[in-house]
Every structure is written in structure tokens, then in C-alpha cells.
Amino acid sequence: MAKMPDMSFFGKTRELLYLQSYIKINDNSSALVENCRQILECTDVCVRLLTSSFEIEIWGSRLMVSSFAENSVEINGTIEQVRLISRSMRRDSNDIGQH
Amino acid sequence: MTLGSIEYLVTGTDYARFYSGITKDKLVFRDMHEEHESISVTVPVGYCKRFETHCKDSCCAFQKSGSNGIPKICRDIIKRPGLLAGALLTVMLMAYYSNVILRIDIDTDDPAVRDKISDVLAEDGVKAGAYLPDIDLVLEERSLKQKIDDAAWIGITRTGSGIAVDIIKTEEADKGITIGMPCHLVACEDGVIEEVELLDGQLLKCIGSGVTKGDIVVSGKMISESSEWTDKGETVTSKTRYVRSLGKVKGTFTRTEEFRQLYDTEIITLTGNHSTLRYLNIFSAEIPLFLKIPDGNFSTAHEEKHYPEINGYMLPFGMTEIELDETDTRSQLLTEDEAFSEAEKLAYNYENNFLKNYEILDRECIKSSDADGVTLTVTYTLYGDLCRESDFFIPRYILPDEENPQEKNVQDSENN
Numbered sequence: 010m011a012k013m014p015d016m017s018f019f020g021k022t023r024e025l026l027y028l029q030s031y032i033k034i035n036d037n038s039s040a041l042v043e044n045c046r047q048i049l050e051c052t053d054v055c056v057r058l059l060t061s062s063f064e065i066e067i068w069g070s071r072l073m074v075s076s077f078a079e080n081s082v083e084i085n086g087t088i089e090q091v092r093l094i095s096r097s098m099r100r101d102s103n104d105i106g107q108h
Numbered sequence: 036m037t038l039g040s041i042e043y044l045v046t047g048t049d050y051a052r053f054y055s056g057i058t059k060d061k062l063v064f065r066d067m068h069e070e071h072e073s074i075s076v077t078v079p080v081g082y083c084k085r086f087e088t089h090c091k092d093s094c095c096a097f098q099k100s101g102s103n104g105i106p107k108i109c110r111d112i113i114k115r116p117g118l119l120a121g122a123l124l125t126v127m128l129m130a131y132y133s134n135v136i137l138r139i140d141i142d143t144d145d146p147a148v149r150d151k152i153s154d155v156l157a158e159d160g161v162k163a164g165a166y167l168p169d170i171d172l173v174l175e176e177r178s179l180k181q182k183i184d185d186a187a188w189i190g191i192t193r194t195g196s197g198i199a200v201d202i203i204k205t206e207e208a209d210k211g212i213t214i215g216m217p218c219h220l221v222a223c224e225d226g227v228i229e230e231v232e233l234l235d236g237q238l239l240k241c242i243g244s245g246v247t248k249g250d251i252v253v254s255g256k257m258i259s260e261s262s263e264w265t266d267k268g269e270t271v272t273s274k275t276r277y278v279r280s281l282g283k284v285k286g287t288f289t290r291t292e293e294f295r296q297l298y299d300t301e302i303i304t305l306t307g308n309h310s311t312l313r314y315l316n317i318f319s320a321e322i323p324l325f326l327k328i329p330d331g332n333f334s335t336a337h338e339e340k341h342y343p344e345i346n347g348y349m350l351p352f353g354m355t356e357i358e359l360d361e362t363d364t365r366s367q368l369l370t371e372d373e374a375f376s377e378a379e380k381l382a383y384n385y386e387n388n389f390l391k392n393y394e395i396l397d398r399e400c401i402k403s404s405d406a407d408g409v410t411l412t413v414t415y416t417l418y419g420d421l422c423r424e425s426d427f428f429i430p431r432y433i434l435p436d437e438e439n440p441q442e443k444n445v446q447d448s449e450n451n
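Each protein sequence line maps, in turn, to chains A and B.
Count the first sequence with the numbering used here and you get residues 10 to 108, in order.
Count the second sequence with the numbering used here and you get residues 36 to 451, in order.
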């Protein structure tokens, strides 16, 4: 089970300054991710995005990425699964070579 | 994406750098996905240059695989030069026809006034095909007002690619009502009075009496006298009353006219050449389908308008065809008989135009000829109006100031 991020001063600040990532999913046809920092991967079946706190994996079929505004990404296609990986966990797993 | 977009296929080895840069550069893109070891992405036209620069910086090769919107339309148009030429021609025609006169609307029912206005406009160069910005409508209005007496007011308005001439005709005031001045009925012909219908005025000549031109037949000056006998004798009081003589005085009179026809004359003949002018009518616009009006003199032989109809309703577009016959003016030497025949035609036209209001009782013709031509002297015996109204007062307001008499009374100009 993923470790829940602790409530911290920086976490609260990000919330107040709207620096958190916002994910809006419409049925299984599209998802809008705001405050996206980087696109890591973009294939037909998997899209990986990096936000300030999480790495977001979106699995599905015929996935396509569009960006119409700064730091916002829209994923279109048939979405089957959305996975959020905490960046701290990602660092840990990278350190031990699991990912 | 409003102006259109271009589809790219990006190939390279380091997609991570490409993805990273595309976010950092804040590029706008659409439908990005990996397929067959390449990335397909659609980029708006405004971001294309930045995108290509980014690809080069990321060491990725790119190629354009398609386009949408304006780039696609431009590419399609370039492939079809006819469309481009048609559009260009349309623009040029629109620019041309929006600056030339296509039609002239003259707002009058009187064909004579319409013809006069058309002639004056044509003399001044205002006709179909004239360049509108070169025409000063104010000056043209003044010109029309000066040259056309039948018009009390004339206004010209530009209506799209045409001009509209509005006219208010001069209406002659009703003499009996607006002038209201006393008048005589004066003989205008030498003749014999046969019939009198008198409504007002004093008849000075009896039925059966002869009159010469200028005689007062009905007087508007009515003098009534009354006498009274007193111790001092007879006192005569005269009272003068001025009226407007109203009535009809008919009689028989003669009138002699000469009709001259020269042997050497000019006639208008048809050359046998025909020409057809076609116009495309769209709503009120009349677009000429010819480049130039043929040179020469032409008379209209036939005019046809073809408007398609649907269920009896005429559609607002169609064609107008005007067939013209070319005419030529030639000099011709007439024989004596032909000259007399032409003189007879002149007499016939005179009778139709000037003797319509009279009954022709008798007509005597005397033919004579000389070296240049023939003369037909016709003596008409006519029955009709013998008199015309003749005002005998000059209204004070029409006299110039310097000519005004010392006395401001109405001047009696009666000279009888």
C-alpha cells in the first residue's frame, strides 16, 4: 500500500497556493491534469506524468496527450486505470532499483 | 487551433528529453502519442516554428505528415489554380463593379421628363459604366436643375453601384384659382363667332359677328351705371367691377401653314447589322455582360427579359437581351413627287400635333416648287376656340422697385 503523504507545512503551503496537482476524469474518455510538471512517457496504452508530489500513471488504450495551456495536460482515449505514485516512494524505489 | 494545425511525426532516440522540453517550453499541442517508434503530434500553426526549433534542440528528426485548417486550404488552393484565379477575378470584378454605375433609376412616370434627364446625364458622362468616384453628384444635380424646366427639384443619391434620381415636377398653378386676376377673353384668330358659353364677364361681340386677332370678345371690366334725377338734375353713378372672364367662344376661322421639303435631304436607313446586348439582372442590379457598347448609331429593335419562374413566382435574377439594329444617316436626292409626299407627311404630323383641339372643316392645298425643293401651302378652315384669356392688370409684386409707380395702386395696363 502506498504511503500517505504526511500533513506538513510545505504540503499546506502548496494547497493554499494551488500548487497541488488537480486531476479531473470524465467517465473513461478523458482526464485533465493540472499543475503537471513533465511528461515522462506517452504511448498508446500508458501515459506517465510528473506533478509536484506524484507520478501519475494512466493506463488504457488509444491514449493521446494534448496540452492547451501552461502546465495542463489532457489525456484522451479509453482510460482503464489511474495510478498515483508518491514521488518520495518513487525515489526510494529508484534507489533500490525496483522501478 | 483556430488558424489550423500541422501534424508532425517525430523520430529520435531520446524521447524523455523531447517530452521534458515540450513541457518546459510551454508548447501547445494536441493528440500526442507514440506509434511505430515515432511520436505523432499535432501543433497549432502559431507554435510550429517553436516546435521545430525544440525538435532540433532535442536531437529529434521531424517531418510533416498532414495539415488542417488554413494550411490545408492554402495547399488545396495552390493545387487548384482555377479556384485562385476565379477568386481573384471575382475580387477584381467586385472592386470594379462597386465603383461604376450599373443602373440609373429615375423616379418619374413621365417618359418625356425621363428622356430629358437621361439625355442630360448622358451629355455629362453619367451613364452605365461611368466611374462613380469621378462624378460629383452635387454638380450633376445643379446641371439637371438648370437644364430641365419641368423639374422643380431634383436630387441624386448613390444607391450601391447605381444612382437614383428623384424629381419633383413643376406643377402649373390653376389659373382661375391661384392667379385670380381679372382678365378679358381676347380673339386669337381672325374668324366668325358661332357659339358662346359664358360663365362670367361681359360679352362685347354677338354671335355671327366677325372678330380679328386681338379684339376683346368678353370683357372682365364690368361697368354698371345708375342715374338718379334730383332737383339739381341727373346724377349718374357708375360702378366698375373687375371679374375673371370665364367661358368658351367658338367660331370658324382659317389658318394657313407652309410645309417646305428640300430635294436634298438626309434619311436614316438600316444597315442590316444587328447587335445584341445582354445584361445579367440580380435583384435591382443590371450587370452588363459585354465589354464595350458597339460604336455607331443603333435603334432598339427588341428587348426581352428572361426571368425564371417557380410556381408562378418570378425569381429575382435573370437575363435581359436588347437587340439593336444599326442605322446610318445618308443624304438622298428626292424627286418632286417624293418631296411632295414628304411635305404631306409634315402636314399630317402638324395636324396631329397642333390641330387636335380643332375640327378641320376644310383643307386646301397649293403645291409649288423651285430649284431647291417644294412648298405645300395648306389653308385650313377650322372650328374651335377663338379666344384666349388675357390679363389686363399687372400685379404690383412683379414690378421691379425702380419701375414702381409713385402711386402704389394697381396699375391698369389696359390699352383699349
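Treat the hints with care, since some could be wrong.
Claimed, not checked - Some residues of chain B that are not near chain A, with every Cβ distance over 10 Å (derived): (1) 55; (2) 58; (3) 63; (4) 68; (5) 368.
As the list claims (entries may be wrong) - With a straight-line Cα cutoff of 27 Å, these simulated DSSO-like cross-link-like pairs (lysine-lysine) come out: (6) B/84 with B/114; (7) A/21 with B/59; (8) B/248 with B/204; (9) B/162 with B/327; (10) B/327 with B/151; (11) B/114 with B/91; (12) B/59 with A/33; (13) B/61 with A/33; (14) B/84 with B/59.
Derived from the structure by calculation, the hints contain no laboratory data.
Model, not experiment: these values are computed from the prediction.
By construction, the Cβ of each residue, glycine as well, lies at the ideal position given by its N, Cα and C atoms.
Against the structure, the hints come out as follows:
Look at residue 55 of chain B: its CB is around 5 Å from the nearest CB on chain A, not clear of 10 Å, so calling it non-interface is violated. Distance check on residue 58 of chain B: its Cβ comes as close as 5 Å (rounded) to a Cβ of chain A, failing to clear the 10 Å threshold; non-interface status is violated. Not every Cβ of chain A is farther than 10 Å from the Cβ of residue 63 of chain B; the closest lies at roughly 6 Å, contradicting the non-interface assignment. In this structure residue 68 of chain B is not separated from chain A by more than 10 Å, as the shortest Cβ-Cβ distance comes to only about 5 Å.
Non-interface status of residue 368 of chain B relative to chain A is upheld: no Cβ of that chain comes within 10 Å, the nearest being about 93 Å off. For the suggested pair residue 84 of chain B and residue 114 of chain B, the alpha carbons sit about 24 Å apart, so the restraint of at most 27 Å is met. With a C-alpha separation of about 26 Å, the suggested pair residue 21 of chain A and residue 59 of chain B falls inside the 27 Å cut-off, and the hint holds. Restraint check for residue 248 of chain B and residue 204 of chain B: not satisfied, since their Cα atoms lie roughly 34 Å apart, outside the 27 Å limit.
About 13 Å separates the Cα atoms of residue 162 of chain B and residue 327 of chain B, which keeps this hinted pair within 27 Å; it holds. A hinted pair counts as satisfied when its Cα atoms are at most 27 Å apart, and residue 327 of chain B with residue 151 of chain B qualifies at roughly 24 Å. With a CA separation close to 30 Å, the supplied pair residue 114 of chain B and residue 91 of chain B exceeds the 27 Å bound. With a C-alpha separation of about 22 Å, the suggested pair residue 59 of chain B and residue 33 of chain A falls inside the 27 Å cut-off, and the hint holds.
As the CA atoms of residue 61 of chain B and residue 33 of chain A are separated by approximately 21 Å, the hinted pair is consistent with the 27 Å bound. A distance of roughly 16 Å separates the Cα atoms of residue 84 of chain B and residue 59 of chain B; the hinted pair therefore holds under the 27 Å criterion.
Taken one by one, the earlier hints fail for this structure at numbers 1, 2, 3, 4, 8 and 11, listed in ascending order.
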